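Numbering-wise (our numbering), the sequence shown opens with residue 3 and increments by one.
Please note: incorrect hints may appear among the correct ones.
Stated by the list, open to error - Dumping the calculated BS3-like pairs for lysine-lysine here, alpha-carbon to alpha-carbon at most 30 Å:
1) Lys13 <-> Lys29
2) Lys29 <-> Lys10
3) Lys76 <-> Lys52
4) Lys29 <-> Lys82
5) Lys10 <-> Lys82
6) Lys31 <-> Lys52
7) Lys76 <-> Lys31
8) Lys82 <-> Lys52
9) Lys82 <-> Lys31
10) Lys10 <-> Lys76
Claimed, not checked - Computed spacing ranges between beta-carbons, pair by pair:
11) Gln16 <-> Ala55: 25 to 35 Å
12) Lys52 <-> Leu89: 42 to 52 Å
13) Val27 <-> Ile83: 48 to 58 Å
14) Asn9 <-> Ala55: 29 to 39 Å
15) Glu34 <-> Pro87: 21 to 31 Å
16) Cys15 <-> Tyr60: 48 to 58 Å
In case anyone wonders, no lab produced these hints; they're calculated from the structure. Computed from a predicted model, the values in this text were never measured in an experiment. Glycine included, each C-beta is placed from N, C-alpha and C at the ideal position.
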Amino acid sequence: MQIDVFNKREKACQLLRNVQSAQCVLKIKIDEFTDYIVNARLDSSDVNSKTSAMIMSYSAMLEVQRIILEGLAKTPPSGKIVLSPELAGVLRSHGLISR
């Protein structure tokens, strides 16, 4: 049995593009904040918390990007996934796919 995941693949590609756009914006914000820190006198705890939050956000986006790319790598470009008869039977018995 085959199931078509082409539309889901396209949605994943769009999500990946959105994540990459957000990463670019955040990278610019990090660069701007770095320039601001260099040219201003700020409380170090404030700088640490803001910098930490931005870096954690960027790191989280990289993790999301990794997960999406791994999923896309496992999906054939045709968008068709072949299910074993056993798996198809289990999915069918739980009402997750129809014949």
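Here is how each hint holds up against the structure:
1. The hinted pair formed by Lys13 and Lys29 meets the criterion: a straight-line CA distance of about 24 Å does not exceed 30 Å.
2. The suggested pairing of Lys29 with Lys10 holds, with an alpha-carbon distance near 28 Å, which does not exceed 30 Å.
3. Restraint check: the Cα-Cα separation between Lys76 and Lys52 comes to about 37 Å, which exceeds 30 Å; the hinted pair is violated.
4. Proposed proximity of Lys29 and Lys82 is contradicted: the alpha carbons are some 36 Å apart, above 30 Å.
5. Between the alpha carbons of Lys10 and Lys82 the distance comes to roughly 11 Å, so the proposed pair stays at or under 30 Å and holds.
6. Taken as a hint, the Lys31 and Lys52 pair is honoured in the structure, with Cα atoms around 11 Å apart against an allowance of 30 Å.
7. For a cut-off of 30 Å, the pair hint linking Lys76 to Lys31 is broken: about 33 Å separates their Cα positions.
8. A threshold of 30 Å between alpha carbons decides the hint, and for Lys82 with Lys52 the separation of about 45 Å lies outside it, so the pair is violated.
9. Note on Lys82 and Lys31: the hinted pairing is violated, with a Cα-Cα distance of about 40 Å set against a maximum of 30 Å.
10. Taking the CA atoms of Lys10 and Lys76, the gap is near 13 Å; set against the 30 Å cutoff, the hint holds.
11. Taken as a hint, the range 25 to 35 Å holds for the pair Gln16 and Ala55, whose Cβ atoms sit roughly 27 Å apart.
12. With their beta carbons about 48 Å apart, Lys52 and Leu89 fall inside the hinted range of 42 to 52 Å.
13. In this structure, Val27 and Ile83 break the distance hint of 48 to 58 Å, their C-beta atoms being roughly 34 Å apart.
14. Evaluation of the 29 to 39 Å hint for Asn9 and Ala55 yields a pass: the beta carbon distance comes to about 35 Å.
15. Judged by the Cβ atoms, the range 21 to 31 Å given for Glu34 and Pro87 is violated: they are separated by roughly 56 Å.
16. Taken as a hint, the range 48 to 58 Å is violated for the pair Cys15 and Tyr60, whose Cβ atoms sit roughly 21 Å apart.
Checked against the numbered hints above, the structure breaks hints 3, 4, 7, 8, 9, 13, 15, 16 and satisfies the rest.
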